[in-house]
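Asker: Based on these hints, arrange chain U on the given structure of chain F.
Quick note, the sequences are listed as chains F and U, same order. Going by numbering that gives the first Met the number 0, the first sequence opens with residue 0, and the numbers climb by one from there. Going by numbering that gives the first Met the number 0, the second sequence opens with residue 0, and the numbers climb by one from there.
Think of the hints as simulated: they come from the structure by calculation, not from any bench. A portion of the hints provided could be inaccurate.
[Stated by the list, open to error] Footprint (simulated), chain F over chain U, 3 or more residues, beta carbon under 8 angstroms:
#1 100-112
#2 230-238
#3 246-254
Keep in mind that this is a model prediction, so the values were computed, not measured. Heads up, the beta-carbon is just placed ideally off N, CA and C, and yes, glycines get one too.
Listed below, chain by chain, are the residues.
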Amino acid sequence: MNFLTPLFLLGGLAIAGPIVFHLIRRTTRERRVFSSLMFLLPTPPRLAKRSRLEHWLLLLLRCLALGLLALGFSRPFFKQTPLDDPTAAQPKRIVVLVDVSASMRRAGLWAAARERVEATLGKVSAVDQVALYTFDRAATPLLPFEEWNRTAPTDRVALAKSRLAAASPGWAGTQLGTALIAAAEALAENDGKQFPGPREVVLVSDLQAGSRLDALQAYEWPKGVALVVEPVKARGTTNAGLQLVADSADASRASETVVRVRVTNSADAQREQFKVGWARAEAPGEFAGATIDVYIPPGQSRVVAVPVAKTAPGLDRIVLKGDDEDFDNTVYVIPPAQQRLNVLWLGDDAPDDVRQPLFFLRRALSDTPRLAVSVVARTSSAQLTPDDVRTAQVVFVTAALPPAQTAELRAQVQGGKTLVFVPKTAAAAATLGVLVGREGVTLTEATPTSYAMLAEIDFKHPLFAPFADPRFSDFTKIHIWKYRKFDAATIPEGRVLARFDSGDPAVVEAPLGQGRLVVWATGWQPEDSQLSVSSKFVPLLWSLLELGGGVAAAPSQWLVGDTAALPVGAADQEVRFTEPGIRTVAVGERTLRFAVNLEPNESRTAPLAPDELERLGVPVAQTEPKSEPSGDNKIVVQGVEAESRQKLWRWFIAATLAVLLVESALAGWTARKTNQKQAEAAT
Amino acid sequence: MAVAQSSSPLPSAKLIDAQTLMSIRSLELRARAVVEGFWSGMHRSPYHGFSVEFTEYRQYTPGDDPRYLDWRVVARSDRYFIKKYEDETNLRCHLLVDQSRSMDYGSRGHTKAAYAATLAATLAYFLHLQGDATGLLTFDDQVRDYLPARHRAGHLRQLMHALERPAAGRTTDLAAPLERISALIRRRALVALVSDFLAPIDQLERKLLALGACGHEVSVFQVLDPAELNLGLDQPAMFEDLESARTLYLDPATARAPYVKKLEEHCSALRAMCRKLGINYQLLATDQPLEVALFGFLQDRMKRGRQFRPAFRGANPGGAS
Numbered sequence: 000m001n002f003l004t005p006l007f008l009l010g011g012l013a014i015a016g017p018i019v020f021h022l023i024r025r026t027t028r029e030r031r032v033f034s035s036l037m038f039l040l041p042t043p044p045r046l047a048k049r050s051r052l053e054h055w056l057l058l059l060l061r062c063l064a065l066g067l068l069a070l071g072f073s074r075p076f077f078k079q080t081p082l083d084d085p086t087a088a089q090p091k092r093i094v095v096l097v098d099v100s101a102s103m104r105r106a107g108l109w110a111a112a113r114e115r116v117e118a119t120l121g122k123v124s125a126v127d128q129v130a131l132y133t134f135d136r137a138a139t140p141l142l143p144f145e146e147w148n149r150t151a152p153t154d155r156v157a158l159a160k161s162r163l164a165a166a167s168p169g170w171a172g173t174q175l176g177t178a179l180i181a182a183a184e185a186l187a188e189n190d191g192k193q194f195p196g197p198r199e200v201v202l203v204s205d206l207q208a209g210s211r212l213d214a215l216q217a218y219e220w221p222k223g224v225a226l227v228v229e230p231v232k233a234r235g236t237t238n239a240g241l242q243l244v245a246d247s248a249d250a251s252r253a254s255e256t257v258v259r260v261r262v263t264n265s266a267d268a269q270r271e272q273f274k275v276g277w278a279r280a281e282a283p284g285e286f287a288g289a290t291i292d293v294y295i296p297p298g299q300s301r302v303v304a305v306p307v308a309k310t311a312p313g314l315d316r317i318v319l320k321g322d323d324e325d326f327d328n329t330v331y332v333i334p335p336a337q338q339r340l341n342v343l344w345l346g347d348d349a350p351d352d353v354r355q356p357l358f359f360l361r362r363a364l365s366d367t368p369r370l371a372v373s374v375v376a377r378t379s380s381a382q383l384t385p386d387d388v389r390t391a392q393v394v395f396v397t398a399a400l401p402p403a404q405t406a407e408l409r410a411q412v413q414g415g416k417t418l419v420f421v422p423k424t425a426a427a428a429a430t431l432g433v434l435v436g437r438e439g440v441t442l443t444e445a446t447p448t449s450y451a452m453l454a455e456i457d458f459k460h461p462l463f464a465p466f467a468d469p470r471f472s473d474f475t476k477i478h479i480w481k482y483r484k485f486d487a488a489t490i491p492e493g494r495v496l497a498r499f500d501s502g503d504p505a506v507v508e509a510p511l512g513q514g515r516l517v518v519w520a521t522g523w524q525p526e527d528s529q530l531s532v533s534s535k536f537v538p539l540l541w542s543l544l545e546l547g548g549g550v551a552a553a554p555s556q557w558l559v560g561d562t563a564a565l566p567v568g569a570a571d572q573e574v575r576f577t578e579p580g581i582r583t584v585a586v587g588e589r590t591l592r593f594a595v596n597l598e599p600n601e602s603r604t605a606p607l608a609p610d611e612l613e614r615l616g617v618p619v620a621q622t623e624p625k626s627e628p629s630g631d632n633k634i635v636v637q638g639v640e641a642e643s644r645q646k647l648w649r650w651f652i653a654a655t656l657a658v659l660l661v662e663s664a665l666a667g668w669t670a671r672k673t674n675q676k677q678a679e680a681a682t
Numbered sequence: 000m001a002v003a004q005s006s007s008p009l010p011s012a013k014l015i016d017a018q019t020l021m022s023i024r025s026l027e028l029r030a031r032a033v034v035e036g037f038w039s040g041m042h043r044s045p046y047h048g049f050s051v052e053f054t055e056y057r058q059y060t061p062g063d064d065p066r067y068l069d070w071r072v073v074a075r076s077d078r079y080f081i082k083k084y085e086d087e088t089n090l091r092c093h094l095l096v097d098q099s100r101s102m103d104y105g106s107r108g109h110t111k112a113a114y115a116a117t118l119a120a121t122l123a124y125f126l127h128l129q130g131d132a133t134g135l136l137t138f139d140d141q142v143r144d145y146l147p148a149r150h151r152a153g154h155l156r157q158l159m160h161a162l163e164r165p166a167a168g169r170t171t172d173l174a175a176p177l178e179r180i181s182a183l184i185r186r187r188a189l190v191a192l193v194s195d196f197l198a199p200i201d202q203l204e205r206k207l208l209a210l211g212a213c214g215h216e217v218s219v220f221q222v223l224d225p226a227e228l229n230l231g232l233d234q235p236a237m238f239e240d241l242e243s244a245r246t247l248y249l250d251p252a253t254a255r256a257p258y259v260k261k262l263e264e265h266c267s268a269l270r271a272m273c274r275k276l277g278i279n280y281q282l283l284a285t286d287q288p289l290e291v292a293l294f295g296f297l298q299d300r301m302k303r304g305r306q307f308r309p310a311f312r313g314a315n316p317g318g319a320s
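Pulled out of the complex, with its shape left as it was, chain F reads as follows:
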C-alpha cells in the first residue's frame, strides 16, 4: 500500500494520547475545599502503574480510531501496473473535433490547435479507436473510424497527423452544437454493437462566443460519452466586427445611395475609434476614397451608412480598420442595381379591359427598386419576333396559338424558359397538346354548381412554398367559378401542384427540356375566379417569376457555407460558397454575382461562457494546458490517479466512524456500570 500524503501518518502518533490518558489516574471531578492553598503547589497527575491500566478495550478502540483516521488522511492506494488499470485495459473510442472556422485564422490558433491534436494522438494506445473530424458549419470527417481501423496500428497516428496537416481553417461560421452532435453520433455508431470501453469527444477549439450551440438544445447527449475540451487561446479576445445590413427589397429608392453596415465592438475592447470605407479588389487593404470615423464604446454596435460612390466603379467591399483582428474586417457588397425582366404575354386580351387577365398581370408586376418588369403583350395571331421570346424569361399563353408558332415557342422554352399556360377557353387544348408534345390532349370547360376551391396544394414546391406557413395557407376564400378540366396524365412528367376540391388538377408543372411548363386550369380574371382580388395573387405571380429564374432571389447576404440555387441554364444547379468575396456564376448569357461574407458571429471572439456546454447537458471535463509529467512527477500523477480511482480513504473514514460508535457505546456502558457500583457501595 502506498500513501499519497504520507505526512498525515504522523497523526498516528496521537495514539500516544489515549495511552497516556489511560495510564494517568482518572482525574477526579471532585472538588474539595481546603483552608488555604498558600503552602500548596500544583502537582501533575501521576501515571498509574502499568498493571493498573484499566479499560483496555476502550483504549484499543480509541487507538484504532486514531490510527484509522491517520491512515484515511494519508490517502492510501494500491499501486497498479498499467495492466491492472481497468480503464487502461479497455479500449477508448475517441472523436477528435478540430475547429476550422474563420475565427481560428487568428494568429497562432491553428498551430496551437494542431499541437493539441497531436498531443491527444500521442496519448492514444494501440487498442483505441480514433476518428478525426473538422468542423465549421458542419462536421467533416478527416479520418473516420473505419479508416482508422483499417490502417495498421503503427501508421494510424501518422496518418491522422498527415490528414490534419492538410487541413486549415476556412472561412465559415462555427456550428459547435451540430458538430458535437455529429461527433456523439459517430461515437455511437459501432456496427450496431455497443462499444464496451469509454467514449469521449476531444474538442479542440477556440471556443469563441460566436459558436452556435442551439442545436444541442433539442438533443439529448448520450450517456457515457464524455466531452474533453482542449481550448486554444488567442493572444487577445478583443475584436470589432463588420456586418452588412441588407435593405429590404421594398425599401425606398433613397436607400440605394447608401450601404449600411453594422460595426460591433467587443465588450473587453481597448479601442474605440475605427475607420470604415470602400476598398477595391486591386488594393483590398487600402481605402479608396473617403473614410468614415466611427466611435464605438466597448460592447456596443453602430450602424454606419456608407455612401455608394457611383462615380467610382469597382468598389466592391467595405473595410474596417482600427481593431485587433483582420480576418473579419471586410464585407463584400454588390452595389444595388435594378434588374430588368421581360415577360411575354400571348393572348387576345385588350390591354385596358379590366375583365381580362392581362390587366391584372400588368398591375401585379409593378416595378420595384430591385426589379423592373416589362410585359410585352402579343395577340395569338401576331407574328412573334425572335427577340420577343429570347428576351423573355417567362411566357404566359392564354389563347390558342397557331401550331407552328406553338412548336417554335416550345423549342424556345426547352432552352430554359418558363411557360405558363392559362387557357381562357377549352379551345386551347390543341395548343397544350403541341406544347407537351402529345396528341389527344383535351380540355373540358367545367362549371361547378356553386364554386370550386383549391385543395391539395403542394406547399413544398417553390411556387407555393411562400404560403407554407399556416397563417397564409388558406386558399379556400378564393372561389373559382369555372375552370378547364384536363387529365394530368396527359402531360408527361407532370406534377400536380394543386387540385380543385373536385379532384381535378388545378396547377400542373412539367419539365420541358431545360425549361418548365406550368399549366393553370383557371384564370385569375373575375370571369373565372376571385384569384386576382386575393392577397395571394401578387406573391403567386412573383413566385412564378422566381421559379422561372427571372428574379434573382436577393437574400440579405450570402454567408460562407451557404448554398445558392442557380436558375435554369446554369452549369450546376446550385453553388456553394467556401470563402468570402464576390462570386461570379455564368448562367447562359447572364452573369450572377454573389457577395459572400463571413458569418457575423465569427467576429465575437470573446471566450464562450465556461458553463454553457454544461448547461446544455454536455458533461465537460476541461483540461488546462499542462506539460506531460516526467520521472517522479509521472509517478506522483499515477499515484493521484490511482488514489482518486480507488478512494480507499472513504473506507478508512467509515471504519473510524464505526469504531467510534462502538467506543461510545462501550464507554457509556462502562460509565453506567461504574455509577451503579458506586451507588451500590454508597448504599
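Answerer: Same frame as chain F, but now just chain U:
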C-alpha cells in the same frame, strides 16, 4: 510538627475529647464543661493556687487598709484576711478571634472556627469565674464584632453569642485587629489572639511589638486542623481555597512533603517571632482537648506572674498599671 501534646501534667484520661466536646451544641456548655473538668483535674495537679494573677490571702494585721479585707471570708469564718492584689490584678483580657473563611475548614467533624470559639469561650468563662473582665474582638479581613472587656452579668452570654455568630468574612488580615485593639484598650490587658495564622505574617511582628510596648501581654493560639498539619488527605482532587476560591489540582501523596515543610517553616517563623517578643505561643490541633490549651495558658500566666510580680508589686501596689 510540635503540637502541644497531652504529655502535660493533666491526666489524659480525664480530659474531654475534642470531638465529643464539640458535639455539645451550646458554646457556653462547652466552655463550662472544659473549665469544670479542668477544675476537677486541678485537685490532682501538683500545682496549687495559681490563677490568672496569683492571689494571696494574708492575715489582717493592724495598719492594713481595711478596704482590702475579704469580707466574704470574714463573714464565713470570722477571721480577717486581706486579699492582696485582688483589685490590681483584676485582669482585663481581650480575646481576638479569627473568623475568616479559612477557619471554616475542619476534617474531624468540627471546624477550626468552632474549636477557636470554644477555646475563646473557655478562656472567657474561666476568667469570668475568676472575676476578670473579658472582651471580644472578632475579625477576618476587618474587625467585625467588638465587645469591651467587662465583668458583669450578661456580658459573658453576650460574648458567647458573638462567638457563635457564623463567620462572614473571607480573607484574613492579622494586622488590622491588633492595630484596632491597641487603639481601643487604654489599660494594661491581656490579649489572646486565636487564629490559624494562615496568612502572611510580615506585618504581625510590628503590631505585636506595639502591643507589648503598650504593656499588654499577648498570648497567641494557633489553631490548625490535623489535616492541615500533615495534609492528611488521600484522594487527588481539585482543591478550592476557602478564602480566595482559587482551585488547584492536587495529589496529596505528591504534594504532602513540600507542604509540610512549608507549613513547618511558617509555624517556626511564627513561634520564633513570639519567643523573640516574649509572647506565649501555643499550636493547637483541633483534635486536642481544650484543657491542654487552658493549662498551657495558665501555666504561662503563672510563669509570667513569677517573673513580673516583683515589678508590678513594687510599681503600683494599689492600682492597675
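Asker: Against each hint, give a clear statement of whether it holds in the structure.
Answerer: Verification of the supplied hints:
For the stretch 100-112 of chain U, the stated coverage by chain F holds: 5 residues have a C-beta nearer than 8 angstroms to a C-beta of that chain, and at least 3 were required. Only residues whose C-beta sits within less than 8 angstroms of a C-beta in chain F count toward coverage, and the stretch 230-238 of chain U has 6 of them, enough to reach three; the restraint holds. For the stretch 246-254 of chain U, the stated coverage by chain F is satisfied: 8 residues place a CB nearer than 8 angstroms to a CB of that chain, which reaches the threshold of 3.
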